[in-house]
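There are 4 protein chains.
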Amino acid sequence: MRTFRLVIACPDRVGIVAKVSHFLASHNGWIHEASHHSDAQSGWFFMRHEIRADSLPFGLEAFREAFAPIADAFSMVWHISDSAVQKRVVLMASRESHCLADLLHRWHSDELDCDIACVISNHDDLRGMVEWHGIPYYHVPVDANDKQPAFAEVSRLVAQHQADVVVLARYMQILPPQLCQAYAQKVINIHHSFLPSFVGAKPYHQAALRGVKLIGATCHYVTEELDAGPIIEQDVVRINHSDTTEDMVRLGRDVEKMVLARGLRYHLEDRVLVHGNKTVVFA
Amino acid sequence: MRTFRLVIACPDRVGIVAKVSHFLASHNGWIHEASHHSDAQSGWFFMRHEIRADSLPFGLEAFREAFAPIADAFSMVWHISDSAVQKRVVLMASRESHCLADLLHRWHSDELDCDIACVISNHDDLRGMVEWHGIPYYHVPVDANDKQPAFAEVSRLVAQHQADVVVLARYMQILPPQLCQAYAQKVINIHHSFLPSFVGAKPYHQAALRGVKLIGATCHYVTEELDAGPIIEQDVVRINHSDTTEDMVRLGRDVEKMVLARGLRYHLEDRVLVHGNKTVVFA
Amino acid sequence: MRTFRLVIACPDRVGIVAKVSHFLASHNGWIHEASHHSDAQSGWFFMRHEIRADSLPFGLEAFREAFAPIADAFSMVWHISDSAVQKRVVLMASRESHCLADLLHRWHSDELDCDIACVISNHDDLRGMVEWHGIPYYHVPVDANDKQPAFAEVSRLVAQHQADVVVLARYMQILPPQLCQAYAQKVINIHHSFLPSFVGAKPYHQAALRGVKLIGATCHYVTEELDAGPIIEQDVVRINHSDTTEDMVRLGRDVEKMVLARGLRYHLEDRVLVHGNKTVVFA
Amino acid sequence: MRTFRLVIACPDRVGIVAKVSHFLASHNGWIHEASHHSDAQSGWFFMRHEIRADSLPFGLEAFREAFAPIADAFSMVWHISDSAVQKRVVLMASRESHCLADLLHRWHSDELDCDIACVISNHDDLRGMVEWHGIPYYHVPVDANDKQPAFAEVSRLVAQHQADVVVLARYMQILPPQLCQAYAQKVINIHHSFLPSFVGAKPYHQAALRGVKLIGATCHYVTEELDAGPIIEQDVVRINHSDTTEDMVRLGRDVEKMVLARGLRYHLEDRVLVHGNKTVVFA
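Protein chains in written order, with the UniProt record's numbering: chain G, 1 to 283; chain L, 1 to 283; chain Y, 1 to 283; chain E, 1 to 283.
Honestly, I wouldn't trust all of these hints.
[Stated by the list, open to error] With a Cα cut of at most 30 Å, we get these calculated DSSO-like pairs of lysine-lysine:
| # | chain 1 | residue 1 | chain 2 | residue 2 |
| --- | --- | --- | --- | --- |
| 1 | E | LYS202 | E | LYS186 |
| 2 | E | LYS202 | G | LYS278 |
| 3 | L | LYS202 | Y | LYS202 |
| 4 | G | LYS87 | G | LYS147 |
| 5 | L | LYS186 | L | LYS278 |
| 6 | L | LYS147 | L | LYS87 |
| 7 | Y | LYS19 | E | LYS19 |
| 8 | L | LYS278 | Y | LYS202 |
| 9 | E | LYS278 | E | LYS87 |
| 10 | E | LYS186 | E | LYS87 |
| 11 | E | LYS278 | G | LYS202 |
| 12 | L | LYS19 | G | LYS19 |
| 13 | G | LYS87 | G | LYS278 |
| 14 | G | LYS87 | G | LYS186 |
| 15 | G | LYS278 | G | LYS186 |
| 16 | Y | LYS186 | Y | LYS147 |
| 17 | G | LYS278 | G | LYS202 |
| 18 | E | LYS202 | G | LYS202 |
| 19 | Y | LYS186 | Y | LYS87 |
| 20 | L | LYS202 | Y | LYS278 |
In short, the hints are calculated from the structure, not lab data.
Modelling step: build the complete structure from the supplied sequences, incorporating the hints.
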């Protein structure tokens, strides 16, 4: 079913829902799904509606125009999207294939509703797998002593492919600040720990040293501060003393790919609203 | 914060949310929490609002009167409740104390917002624990050859204490049909299996025989058919070959009490809507 | 590290561990991993050792010969395997690709230590994916009115490929009794429900009708009775009222593939001991 | 069933299991449960046996004497305990009752096999609940400006009651170093976060600020460094944007008490072996 997704954040006050739902009803809009969140601490209100596209008399542009006065009156930060228009995704990976293979399979089997524009990797290892799916593969090696040229090329490719979202599917390189800024809230990373524990390199080794009994993964938006952006989704898996660091790496892979797939799905369906350094996820 | 909880189920169509939210906004009602569910299969719409009581110019009675025309127009099954009016709960138990002790502690420490009217048990074992909490305890033995007198007494006590909810906290007796009918959707049971597996007696023994790798518990409304009423909440815990039936009983106790406490909480907060043999739980 | 896996089941009595460990120590065998289970109900004892192959002065054949007298004395059901000898796996699938793709990727990325001999399917849909991995694909259509020829061909292929294990990765066909018998404890199925709930066809639809709050998957050995064989592994995922049957199918896929991958891994590593209709899994 | 629990840690080498199991078998010892762990990183071996007491011809003292030469030969750190001799537990609490009430109920209903010697609290709030259980309650107020006298009194009480274990059931005070040292690996704390995240005060507030999607609890041995001792057990619970800090506190309580109860149970059954800053838990 084709829907329009109307996503709104604004200062909380009486009458927001009434105004929005009256607007929708007055245009005969059939609400397929509605979610609300009133955040007492920040005093903000968050709202997401899925409206059946065929119940409305107009398209996105006309909707935007008609809705703008309400949005202004309530100082809304808002957007509306069409479920029939797939977001363009650029995937970035390194050598480890589990997250990439997982996303590709979900896409290939029509579970993940998006347009995968290309895959960019600092290694050439995963080319075959990607190209079998009919997706362009760009090998952009990163010179440890001078990363700038590589990231210039990455930026160029991301722009050329008109990415709506960039997914770091275990890319293992830290994006430069200007890329983080240019694609704020559009770069999704999977970190292989339960953040804020074990920021940075080799989180499973850190976890092994600390002797934790659960390991986890965190899907978050990338910001300039490493592994500190707004968290979209997390999960954990139980380990015990008999699990070596290698076992953790293996067990962790399953959590990583599940958490990334869920987080990306939420993003693609416009279910994630960022406010400050936190997210509202209308899952 | 004192809220009014407006809970609505009705055939789905355009304009329900608009009408209800306009009604609320026109009376300056501040929506603290709102949940919606549109069930495509049944064609029904479900809705729950928590409105700050102090934002409205009237109380429950006046609200009911003012809202009635809307409810009629949309053929709503609905009710509104006041968070400041505690539901009266009658707890029923047998010999096993874990669910009862758990609920009593949650109530005693102000986590569970209700008025525990009394405890009824077919054994006298738990009297001390209950009376320490200042709650009346009724010992109503059940004669296996003639259960009628006991259930007549149970019915009398439940009526006398004006129960809004009856909780079978491992009561281990099957309520007679007339009691189930008289308190439809008001009797909550905890069954010590992941229903629909292992209906009836000794579910952990059934689970041990089948060799399952997870055991569970199910909180549901009681209907005339044993262990078949609408499910409110379920959960499971992992076991393995080294767990004996006794271990399962021990591990299961923790799941039972957690699931029952969650299910009861949802009910007390008017978060559970029953439709047919299924529930909508606005958790 | 190459290990020998010594797996033993026998009636329980004093001295088994002493005898076995003395045997190992007398040959300088370095125990890498040891697991024991004493089942009080059946009076049986179960045991699994992984011994570093390079610590022993002999290979499997000589080990078997030297150990036989102990095995006889304790009436052991036992076997020993070499971690360096990969089990031959025949995968069977239908149209749904998630379990197959998951297993192929784990194998391709060296996570699953086995030799995938071939894939047999009653449809031709997944040929490309399989052949990209360099694995033979056999399309054996099943005529609903006369299944015998298809299963004769399946039996022939399984025998020809000298399968140690047959994995039904959502094969969706019921194997005939003679195949179940011929490969007893060697055919692993993934059923898309938390057995014993929802045996047979369309378990997610059954789950939706019953209104459960968790859905699951079960990995088990295939026996002649449908969905009733010894359970190796199970898991569940939470759902709620807003999840349609289609959502359940999607959410269930992730549980299915994880549960099947774990179950198969246990089997490949000789961690599963079947006794009656139950399993001991030294995970 | 009465058992002797033989717990051993020693440098790994060939023949340990053989020697120990031969010793047991030579005295007709019936092994009820056996667990082994070989830690490749440290080169240490860990082992726990439960032996049926009535299968052995001697008691603990004679066992110790007979076993000492083996222990010496393998440089074992070891102890043996009698399941019939309950450990003496001193519980410490503050104002929050959930962990204390949970442990008291498990003890009262014979689930937790120990002797609760007394409860020490810096507040008097929980006296009634404790005394109803027939357990002495000591109110030892802590002067924020001079904590020394309080901790001297605590030390005196712990010594007087001959505590084998001290459990900080949300005690909310930091024990002085000398107490930590005097009762090394005998003081168990429950911290209300998934360590190492959110060390110190108000972890739920820290979690709310960071916007995590799961909150947790950690049961660990107390060392001089705050919240940094060897972890025994951890678990988490899912939260989302709609959960306020108060909701987290409520949801967290259930995780805290479950994790503490599990951790304490492992300790009481001699299932926890500490090596460096990590634990081996033969659960």
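Against the structure, the hints:
{"no.": "1", "hint": "E:LYS202 - E:LYS186", "in the structure": "holds (25 Å)"}
{"no.": "2", "hint": "E:LYS202 - G:LYS278", "in the structure": "holds (19 Å)"}
{"no.": "3", "hint": "L:LYS202 - Y:LYS202", "in the structure": "holds (28 Å)"}
{"no.": "4", "hint": "G:LYS87 - G:LYS147", "in the structure": "holds (28 Å)"}
{"no.": "5", "hint": "L:LYS186 - L:LYS278", "in the structure": "holds (15 Å)"}
{"no.": "6", "hint": "L:LYS147 - L:LYS87", "in the structure": "holds (28 Å)"}
{"no.": "7", "hint": "Y:LYS19 - E:LYS19", "in the structure": "holds (10 Å)"}
{"no.": "8", "hint": "L:LYS278 - Y:LYS202", "in the structure": "holds (19 Å)"}
{"no.": "9", "hint": "E:LYS278 - E:LYS87", "in the structure": "holds (23 Å)"}
{"no.": "10", "hint": "E:LYS186 - E:LYS87", "in the structure": "holds (11 Å)"}
{"no.": "11", "hint": "E:LYS278 - G:LYS202", "in the structure": "holds (19 Å)"}
{"no.": "12", "hint": "L:LYS19 - G:LYS19", "in the structure": "holds (10 Å)"}
{"no.": "13", "hint": "G:LYS87 - G:LYS278", "in the structure": "holds (23 Å)"}
{"no.": "14", "hint": "G:LYS87 - G:LYS186", "in the structure": "holds (11 Å)"}
{"no.": "15", "hint": "G:LYS278 - G:LYS186", "in the structure": "holds (15 Å)"}
{"no.": "16", "hint": "Y:LYS186 - Y:LYS147", "in the structure": "holds (22 Å)"}
{"no.": "17", "hint": "G:LYS278 - G:LYS202", "in the structure": "holds (25 Å)"}
{"no.": "18", "hint": "E:LYS202 - G:LYS202", "in the structure": "holds (28 Å)"}
{"no.": "19", "hint": "Y:LYS186 - Y:LYS87", "in the structure": "holds (11 Å)"}
{"no.": "20", "hint": "L:LYS202 - Y:LYS278", "in the structure": "holds (19 Å)"}
Comparing the model with each earlier hint shows no violations; every hint is respected.
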